[in-house]
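Protein sequence lines, in the order shown, are assigned to chains A and B. Residue numbers for the first sequence follow our numbering, beginning at 1 and rising by one. Residue numbers for the second sequence follow our numbering, beginning at 1001 and rising by one.
Hints in this document: simulated from the structure, not taken from any laboratory. Errors might be hidden in some of the hints.
The following label-pair restraints were derived from C-beta to C-beta distances [stated by the list, open to error]: (1) A:A4 / B:S1025: 45 to 53 Å; (2) A:A2 / B:G1203: 29 to 37 Å; (3) B:Q1198 / A:M1: 41 to 49 Å; (4) B:G1387 / A:P75: 36 to 44 Å; (5) B:K1140 / A:P21: 17 to 25 Å; (6) A:E149 / B:R1280: 24 to 32 Å; (7) A:E149 / B:Q1442: 25 to 33 Å; (8) B:H1129 / A:S74: 16 to 24 Å; (9) A:E73 / B:D1306: 47 to 55 Å; (10) A:H100 / B:T1443: 18 to 26 Å; (11) B:R1379 / A:A2: 38 to 46 Å.
Cut-off 30 Å, straight-line C-alpha distance, at most; resulting in silico cross-link-like pairs (DSBU-like, lysine-lysine) [unchecked claim]: (12) B:K1252 / A:K139; (13) B:K1014 / B:K1143; (14) A:K104 / B:K1383; (15) A:K23 / B:K1185; (16) A:K23 / B:K1252; (17) A:K139 / B:K1014.
Given the structure is predicted, the values throughout are model-derived calculations rather than measurements. Backbone N, C-alpha and C fix where the C-beta goes; we use that ideal spot for every residue, glycine too.
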Amino acid sequence: MAFALSEEREREVDEILARYPNKMAACIPVLHLCQDNNEGWVSPEVIDYVARRLELSTANVKGVVTFYSLFNESPPGRHQVWVCRTLGCALRGGGDLLAHAQRKLGVRVGETTKDGRVTLRTAECLASCGSGPMIQVDKTYHENLTTQEFDRILDRLLYEG
Amino acid sequence: MLKQTDHLTKNYGKPDSWTISVYESTGGYRAARKALGMSRELVVDEIKKAHIRGRGGAGFEAGVKWGFMPKEGEKPSYLTVNADEGEPGTFKDRTIMEQNPHALVEGCIVACYGVGAHAAYIYVRDELHLAKARLWDAIKEAKTKGYLGKRPFGKGYEIEVYVHSGAGAYICGEESALLNSLEGKRGEPRLRPPFPAQRGAFGCPTTVNNVESVSLVPIAINLGGEEFSKLSALHEMNDGGVRLFGVAGHVKKPGIYECAVGLTLRELVYDLGGGILGDRELLGVIPGGSSCPILLPDEVVNVPGDKRFDPYNGKSVLDLPMGVDTYRGIGGMLGTCCATVLSDAADPVLAAQNIIHFYRHESCGQCTPCREGCGWLERIIDKVVEGTATMEEVDQISEIASNMTGNTICAFGDGAAAPVMAFVRKFRKNFEDYVLTGGKSQTKTLVV
Chain A
1 MAFALSEERE REVDEILARY PNKMAACIPV LHLCQDNNEG WVSPEVIDYV
51 ARRLELSTAN VKGVVTFYSL FNESPPGRHQ VWVCRTLGCA LRGGGDLLAH
101 AQRKLGVRVG ETTKDGRVTL RTAECLASCG SGPMIQVDKT YHENLTTQEF
151 DRILDRLLYE G
Chain B
1001 MLKQTDHLTK NYGKPDSWTI SVYESTGGYR AARKALGMSR ELVVDEIKKA
1051 HIRGRGGAGF EAGVKWGFMP KEGEKPSYLT VNADEGEPGT FKDRTIMEQN
1101 PHALVEGCIV ACYGVGAHAA YIYVRDELHL AKARLWDAIK EAKTKGYLGK
1151 RPFGKGYEIE VYVHSGAGAY ICGEESALLN SLEGKRGEPR LRPPFPAQRG
1201 AFGCPTTVNN VESVSLVPIA INLGGEEFSK LSALHEMNDG GVRLFGVAGH
1251 VKKPGIYECA VGLTLRELVY DLGGGILGDR ELLGVIPGGS SCPILLPDEV
1301 VNVPGDKRFD PYNGKSVLDL PMGVDTYRGI GGMLGTCCAT VLSDAADPVL
1351 AAQNIIHFYR HESCGQCTPC REGCGWLERI IDKVVEGTAT MEEVDQISEI
1401 ASNMTGNTIC AFGDGAAAPV MAFVRKFRKN FEDYVLTGGK SQTKTLVV
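Only chain A is shown next, with the shape it has when bound in the complex:
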């Protein structure tokens, strides 16, 4: 089934296109929009849509998708949790937080919990070095984390409606 956006989202695509002198420049913003409206991943159908809409080859669009770490080529869990692993956070306990996350969720980095709720990932420096250790849950940062606060956040993701 072909990927399609709602009328409202199509207007957003038009608005995005109007910002740039050519269509190719809209590739990344439009891919984000599509991913957000396709359960968090860029399917082959999304690539077809973007290629058609922006008059690019599917090979070109796929080349862009594969370069950037935030485009998912397979469906993630309902929520994505990135734990920062870089030096600033590591110095404040980021390594221990990651180990705890894997134990609590029962998954390794890159995997999704069996109930499909949470995908655990690591991120490289998220520009929160003064407030580490920290995680990003979907589009929100949670900083200055203790294990207890981390557990509270994860429990909400795992058990909330």
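Fit chain B to the supplied structure of chain A, relying on the hints for placement.
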């Protein structure tokens, strides 16, 4: 010289600090109004006098960069703002975008005028969702007030500002990769020449400036370029004004602090940063992001033959004013000026491992020395940590790193090689102990 200032940060922490009403209540948008009433040449001249060294890490003078742009031409010119803050240890630009986004918007107005552009793209890393939202709101507020659009401040010089999202790639903070990414391509750096001022975004003359550099522009316009520059203790070294200093890691008060240029590492770590966690000893400081060589407290300034270093020769590097050229002079790098502090609780070999993992992950893969070099360095350092490396392999680290340096399309290769070489050179014994004891010499982690 410790001199805290609040030109950029005066509204930080105030309720609604990011709104136009708060911004204007403390003098916001006077500079843009003033600049659009000046000639373009005069605006550029003032910014040249301000000696704003690029705040993204390279330290190239913003005013000089503006001067490279064509006076007129067939193609439109563009301003792009590098808001892809991803250098490990760095978290300053984010504070501007979240807490004082109008400073950046106003800076964009003046900068567009100065470089002859009518459109600015603020390339923000995707993960900074709050920053992006605040910037879009600020742009909307500025447009509503007539400060952007076809006739900003009633002048016939059209200016539009857009936010453009990244998608999770550190290398897109490299200016030519940023331009490719803005164009909707893979974020792979370009060979230079041509430079962005000749062929940048969309094949057109482009200026790429860091968030903080652009945000300081209104302050420089209001004070006058020379007055702004003279706020700095390093004004004579063409390193002017004030800047945001960051400190994180094993310190009691991590954070972003605005000071006049001229602050020392000792002041940053012990005065502003509150000293070392647990009152431990200092192992070393990475002064401005992971691409900078680590500095050790017992290192001494020794730059004979350069008069400017006379007051500092023989003194600890911790007491050398943090400047672009002072740090270059001692073979170091100021970078983003956001320091990462390691106490003696930290294992330097593990720190080096953490850093090389970052670079291997983030290499775009275009050129062999970087792609292969980062991978090779990571494998060797992993072996060191596991206790299975040989002494020959430890020697190989410096050889591989030197072969990367200067042989890559962009500075990423140097940025990966330099810190690794510094760790191995300055903590040689730690690396050797791992080899000699099969990894059993590891008694510490990275945490206090």
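Taking the hints in turn, this is what the structure says about them:
1. A:A4 / B:S1025: 45 to 53 Å: About 47 Å separates the Cβ atoms of A4 (chain A) and S1025 (chain B), which means 45 to 53 Å holds.
2. A:A2 / B:G1203: 29 to 37 Å: holds, 33 Å
3. B:Q1198 / A:M1: 41 to 49 Å: Cβ of Q1198 (chain B) to Cβ of M1 (chain A): about 47 Å, so the range 41 to 49 Å holds.
4. B:G1387 / A:P75: 36 to 44 Å: holds, 40 Å
5. B:K1140 / A:P21: 17 to 25 Å: holds, 22 Å
6. A:E149 / B:R1280: 24 to 32 Å: holds, 25 Å
7. A:E149 / B:Q1442: 25 to 33 Å: holds, 30 Å
8. B:H1129 / A:S74: 16 to 24 Å: Holds, since H1129 (chain B) and S74 (chain A) (Cβ atoms, about 23 Å apart) stay within the stated range.
9. A:E73 / B:D1306: 47 to 55 Å: holds, 53 Å
10. A:H100 / B:T1443: 18 to 26 Å: Distance hint for H100 (chain A), T1443 (chain B) holds at roughly 22 Å.
11. B:R1379 / A:A2: 38 to 46 Å: For R1379 (chain B) and A2 (chain A) the Cβ distance comes to about 44 Å; the hint holds.
12. B:K1252 / A:K139: At roughly 29 Å apart (the allowed maximum being 30 Å), K139 (chain A) and K1252 (chain B) satisfy the hint.
13. B:K1014 / B:K1143: The hint holds at about 23 Å.
14. A:K104 / B:K1383: holds, 29 Å
15. A:K23 / B:K1185: holds, 11 Å
16. A:K23 / B:K1252: violated, 49 Å
17. A:K139 / B:K1014: holds, 24 Å
Hint 16 from the earlier list is the only one contradicted by this structure; the remaining hints agree with it.
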